[in-house]
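K.L.:
Let the sequences and hints guide you as you build the complete structure.
Residue-level listing of the chains:
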Amino acid sequence: MNQFPEHLLSLPSEAAIGHLTEAVLQGRAPIPTRAIDRAARPHPAMELRTTAPIRELIDEAQRRFEDTPTEADPWLAPRLHSVLRLTRAEAADGGLWNHLALRVASDYVFWRHAGRSSKLHPVSKVNRSRFVGPFHTQAFARLWWAAELFRDGYDYQPVVVACQNQDILNTALRMTVVLHRPTAQAILRLVADGTASGGREANALVKAVNAAGSTLSFETIAPDAEPDPDAYQSWALDRDDDLLFFEKLPEGPDDGRTPLASVNRLTELFRKLFADAPVRGRKVIKEIP
Amino acid sequence: MRKLFPYPVLVGEVDLEIRQARLDDVPVEFSMISASQRTVALHEIERTSWQTAVLEVRARVPRRELDSGPWTNVTCAAMLFERRTNVRTVFSLTPEQSGSWVGEVVLHRDRHLGRAELAVQVVGTVGGVDGRLIGQDRNPWTIDLLASTPAKKHGVKMVWVDFSSEENAHLLPFRTDPWAVDTSGDEPTLYLNKRFEGLEALLGSGRAADRDVQNLLLSHIAKDTWTTLFNSAVQSVQTDDRGRPEWPGGWRENTLRRMLPDILPDHSPDDALKEIVTRLSNDDGGGDLHTRVLHAAAVQARLTRNLGGFVRALRRSAQEEDQ
Numbered sequence: 001m002n003q004f005p006e007h008l009l010s011l012p013s014e015a016a017i018g019h020l021t022e023a024v025l026q027g028r029a030p031i032p033t034r035a036i037d038r039a040a041r042p043h044p045a046m047e048l049r050t051t052a053p054i055r056e057l058i059d060e061a062q063r064r065f066e067d068t069p070t071e072a073d074p075w076l077a078p079r080l081h082s083v084l085r086l087t088r089a090e091a092a093d094g095g096l097w098n099h100l101a102l103r104v105a106s107d108y109v110f111w112r113h114a115g116r117s118s119k120l121h122p123v124s125k126v127n128r129s130r131f132v133g134p135f136h137t138q139a140f141a142r143l144w145w146a147a148e149l150f151r152d153g154y155d156y157q158p159v160v161v162a163c164q165n166q167d168i169l170n171t172a173l174r175m176t177v178v179l180h181r182p183t184a185q186a187i188l189r190l191v192a193d194g195t196a197s198g199g200r201e202a203n204a205l206v207k208a209v210n211a212a213g214s215t216l217s218f219e220t221i222a223p224d225a226e227p228d229p230d231a232y233q234s235w236a237l238d239r240d241d242d243l244l245f246f247e248k249l250p251e252g253p254d255d256g257r258t259p260l261a262s263v264n265r266l267t268e269l270f271r272k273l274f275a276d277a278p279v280r281g282r283k284v285i286k287e288i289p
Numbered sequence: 290m291r292k293l294f295p296y297p298v299l300v301g302e303v304d305l306e307i308r309q310a311r312l313d314d315v316p317v318e319f320s321m322i323s324a325s326q327r328t329v330a331l332h333e334i335e336r337t338s339w340q341t342a343v344l345e346v347r348a349r350v351p352r353r354e355l356d357s358g359p360w361t362n363v364t365c366a367a368m369l370f371e372r373r374t375n376v377r378t379v380f381s382l383t384p385e386q387s388g389s390w391v392g393e394v395v396l397h398r399d400r401h402l403g404r405a406e407l408a409v410q411v412v413g414t415v416g417g418v419d420g421r422l423i424g425q426d427r428n429p430w431t432i433d434l435l436a437s438t439p440a441k442k443h444g445v446k447m448v449w450v451d452f453s454s455e456e457n458a459h460l461l462p463f464r465t466d467p468w469a470v471d472t473s474g475d476e477p478t479l480y481l482n483k484r485f486e487g488l489e490a491l492l493g494s495g496r497a498a499d500r501d502v503q504n505l506l507l508s509h510i511a512k513d514t515w516t517t518l519f520n521s522a523v524q525s526v527q528t529d530d531r532g533r534p535e536w537p538g539g540w541r542e543n544t545l546r547r548m549l550p551d552i553l554p555d556h557s558p559d560d561a562l563k564e565i566v567t568r569l570s571n572d573d574g575g576g577d578l579h580t581r582v583l584h585a586a587a588v589q590a591r592l593t594r595n596l597g598g599f600v601r602a603l604r605r606s607a608q609e610e611d612q
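Listed in order, the protein sequences are those of chains G and F.
FYI, the working numbering numbers position 83 of the first sequence as 83, with every residue one higher than the one before it.
FYI, the working numbering numbers position 254 of the second sequence as 543, with every residue one higher than the one before it.
By construction, these hints were calculated from the structure, which means they are not laboratory data.
Note that the structure is predicted; figures quoted are calculated from it, not measured.
Just so it is clear, CB atoms sit at the ideal spot from N, CA and C, and this is done for glycine as well.
Take the hints with a grain of salt, since some may be wrong.
Over the 10 Å line for every Cβ pair with chain G, so calculated as not near, a few chain F residues [to be verified]:
(1) Val343
(2) Pro351
(3) Thr516
(4) Thr517
(5) Arg547
(6) Pro554
(7) Ser557
(8) Arg581
Rough simulated footprint, nothing fancy, chain F against chain G, three-plus residues with beta-carbon under 8 Å [what the hints assert, rightly or not]:
(9) 176-189
(10) 206-219
(11) 225-235
Residues from chain F that keep clear of chain G, each with C-beta distances beyond 12 Å, as calculated [unchecked claim]:
(12) Val300
(13) Gln326
(14) Glu354
P.N.:
Structure follows, in structure tokens:
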């Protein structure tokens, strides 16, 4: 029985949210698929996408990382980005992500974001915002946007670095400073080279950079080159649903790398900021002259 | 600039002017640019398929202050920002002899969706530190890809719908209610039920005799709306790793900032937010908090009613429906 819809549609948040009752979020009641199918519409400006390759990725992710769902993030983010081939304007429509989470792959949301039970909430449940929520929290939107904002042109490797560190994924993704590509790449370089690889360190680094960004214009210190919109568009149109990469990283849109000189410059600046930043649990050792 | 800076910043006003807009190299009608509303309406029914919009901009900076101040390497840039598509692009401007800075801002259709914000920032070297932000305009422009008349949009979207019709399945549970407030989306929506007998006629009526009951009903709707907005906004507040609440952004933050001063008048906005979040997480019922929220909602409702805008908007939307 194939219970998944053939195409990815757009499900308005107001229609989606009503179905996310406590019972549904706790996994005690099914998501009413028929009501969702009635409310879902094709995205007004987007070519229809079949859900089959998306399903394949989701199934593979759950197979590979069966006992360690968090580790699925760095594997899935670039591959989801590569399979969906959305423009930013399309990805900004929360309806697609709602449909993906409620209708196409709710099993993934329950698997990846299963809540823990606590004294206050003895029955574990999935947070509502993992189904319908802001781009940095919703189960699939966060992966897609992480891939889009942290890739360096066609190179998805920085995305893997970002998604391996939940603190980067949870904290940096929502900060406007990372919308400047050299800033994002410089942060990830310090995470990758071990300067700030732990969760607390990454968190402290991101916060220090964000605080500095309120008085410093990183865009002026380290200018970016405008991404090439035509290159992105031709990549977005060049979909091949049979081409899935399970082992190798796929290649993203070849819309221009981040200028290396800018990344270098910010890396050094951030290294200094990080040296002075308070890190939870890091002892301050004063050198005696 | 409102923040406090550990170095000298510009006191004089920085301002951005949009001189012309072109869609795929065809100039946009001047009526699409409203200087008073600081809005450019880029959506035109005849040309929905445009790819690139170019805005010619000019920034004015307090030149004399800059010349006599401690800043060097001064540059000026226009910054385009849209949260929904996570685009933040900086366009450097070129100085003119007159002391203003000019340049072009480019928007690509694929990278924008709704309303983008365009602001100007002045950057310079101060006290040996490069790239310091020394000035920005207080009043950014809105580049609107959705609206066809240039008007800044704030507050609540209002729509008349039939709550019991198939297309609005999510309103079906409320079909016997006169109105419903929906806070799940990117912008809050007030739904008014066409099916509710007499509601449309009463709100759309221009008769003086109906004025009192109209006002009473409107303030009731407004109070309801503000209470719902506030509760939903407060519940969306997340805390950082040290347990401090973070402003949620968007309409939620606007709502909180608007209502908190009436809820906890003795607190600064940050402290008020913290207080509210703490009170709600205690299991003592929050004390007099809910009374205070109702009061703040009543204040907002009174403000909107006195402004008359709410009434007029409702009346207009009811009349448009009739046609």
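K.L.:
Next step is simple, just say for each hint if it's right about the structure.
P.N.:
Here's how the hints hold up against the structure:
1. With a minimum CB-CB distance of about 13 Å to chain G, Val343 of chain F clears the 10 Å threshold, and the non-interface call stands.
2. With 10 Å as the threshold on Cβ separation, the claim that Pro351 of chain F sits away from chain G holds: the shortest Cβ distance comes to roughly 18 Å.
3. For Thr516 of chain F, the condition that its CB be more than 10 Å from all CB atoms of chain G holds, with the nearest at approximately 19 Å.
4. Consistency note on Thr517 of chain F: stated as away from chain G, and its beta-carbon is indeed over 10 Å from all of that chain's, at 13 Å minimum.
5. A cut-off of 10 Å between C-beta atoms confirms that Arg547 of chain F is not in contact with chain G; the least separation is 21 Å.
6. Every CB of chain G lies more than 10 Å from the CB of Pro554 of chain F, the least distance being 28 Å, so the non-interface label holds.
7. Residue placement check: Ser557 of chain F keeps its beta carbon more than 10 Å from all beta carbons of chain G (closest about 18 Å).
8. Arg581 of chain F, annotated as away from the interface, keeps every beta carbon of chain G farther than 10 Å; the closest lies near 25 Å.
9. Check on the stretch 176-189 of chain G: 3 of its residues sit with their Cβ under 8 Å from a Cβ of chain F, so the three-residue criterion for coverage holds.
10. With 6 residues having a beta carbon nearer than 8 Å to a beta carbon of chain F, the stretch 206-219 of chain G meets the requirement of three or more and the stated coverage holds.
11. Check on the stretch 225-235 of chain G: 4 of its residues sit with their Cβ under 8 Å from a Cβ of chain F, so the three-residue criterion for coverage holds.
12. Remark: the non-interface label on Val300 of chain F is consistent with the geometry, its nearest Cβ contact in chain G lying 17 Å away (cut-off 12 Å).
13. Separation of Gln326 of chain F from chain G is adequate, the least Cβ-Cβ distance of about 24 Å exceeding the 12 Å criterion.
14. Its beta-carbon lying about 19 Å from the closest one in chain G, Glu354 of chain F satisfies the requirement of being farther than 12 Å from that chain.
In the structure shown, no violation is registered for any of the earlier numbered hints.
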